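> Residues 1 to 171 in my numbering are what the sequence shown lists, from first letter to last.
If you are wondering where the hints come from, they were derived from the structure by calculation, not from laboratory data.
Remember, predicted model here, so these are calculated numbers, not experimental data.
Here are the simulated SDA-like cross-link-like pairs (lysine to any residue), alpha carbons at most 20 Å apart as the crow flies:
{"no.": "1", "residue 1": "Lys-10", "residue 2": "Lys-163"}
{"no.": "2", "residue 1": "Lys-92", "residue 2": "Lys-104"}
{"no.": "3", "residue 1": "Lys-94", "residue 2": "Gly-140"}
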Amino acid sequence: MHKKMNTSKKIGRLTLLKHCIIFVGVVLSIPVIIELVDNKSPNIIRAVKEAFKLNTLDSSDAIFILIHLTVLLIGVWFFGGKAGQLIIDQEKSKFIIGFMSIFKLWILHFISGTVLQLIENDLPLTGWFMSGLLLILLVGLIHGLIAGYFLTKEIKRKGQIIKKTLAKTEN
Numbered sequence: 001m002h003k004k005m006n007t008s009k010k011i012g013r014l015t016l017l018k019h020c021i022i023f024v025g026v027v028l029s030i031p032v033i034i035e036l037v038d039n040k041s042p043n044i045i046r047a048v049k050e051a052f053k054l055n056t057l058d059s060s061d062a063i064f065i066l067i068h069l070t071v072l073l074i075g076v077w078f079f080g081g082k083a084g085q086l087i088i089d090q091e092k093s094k095f096i097i098g099f100m101s102i103f104k105l106w107i108l109h110f111i112s113g114t115v116l117q118l119i120e121n122d123l124p125l126t127g128w129f130m131s132g133l134l135l136i137l138l139v140g141l142i143h144g145l146i147a148g149y150f151l152t153k154e155i156k157r158k159g160q161i162i163k164k165t166l167a168k169t170e171n
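With these hints in hand, go ahead and build the complete structure from the sequences.
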């Protein structure tokens, strides 16, 4: 039973991580594609530099990104593990589990970014909190609704494969 729970958590974590990487890849490729089309140049390195304005990278920016990424990976560890456990072990196939896993990551993204910006720049909390929160809630809601379905479906499918494999080895 313990091995089954660890397997379901691992499936949930890896699946959520995969979905996050795919989402980030798609989102980051859009400005590069727009830059390539606008300039009609096949130079991808130049397009990446222009799209993201990568002339220099400040060490404080690199630390900000590293801390933020670490917080989000911890979120994937916990939220993905819980999603795998709920879907595979407790057989809850409700769409809400996938939605909430992704939506919680967006909320964690907002909280982490806000706290790091406050520490780094002493931003006025009220303006950023209200405008940033609304944007994050909207994007998180849309992303959670779209990707949550596929996340739940994939975790459930992988869990069924594992259950069949475990049933064959027990017999």
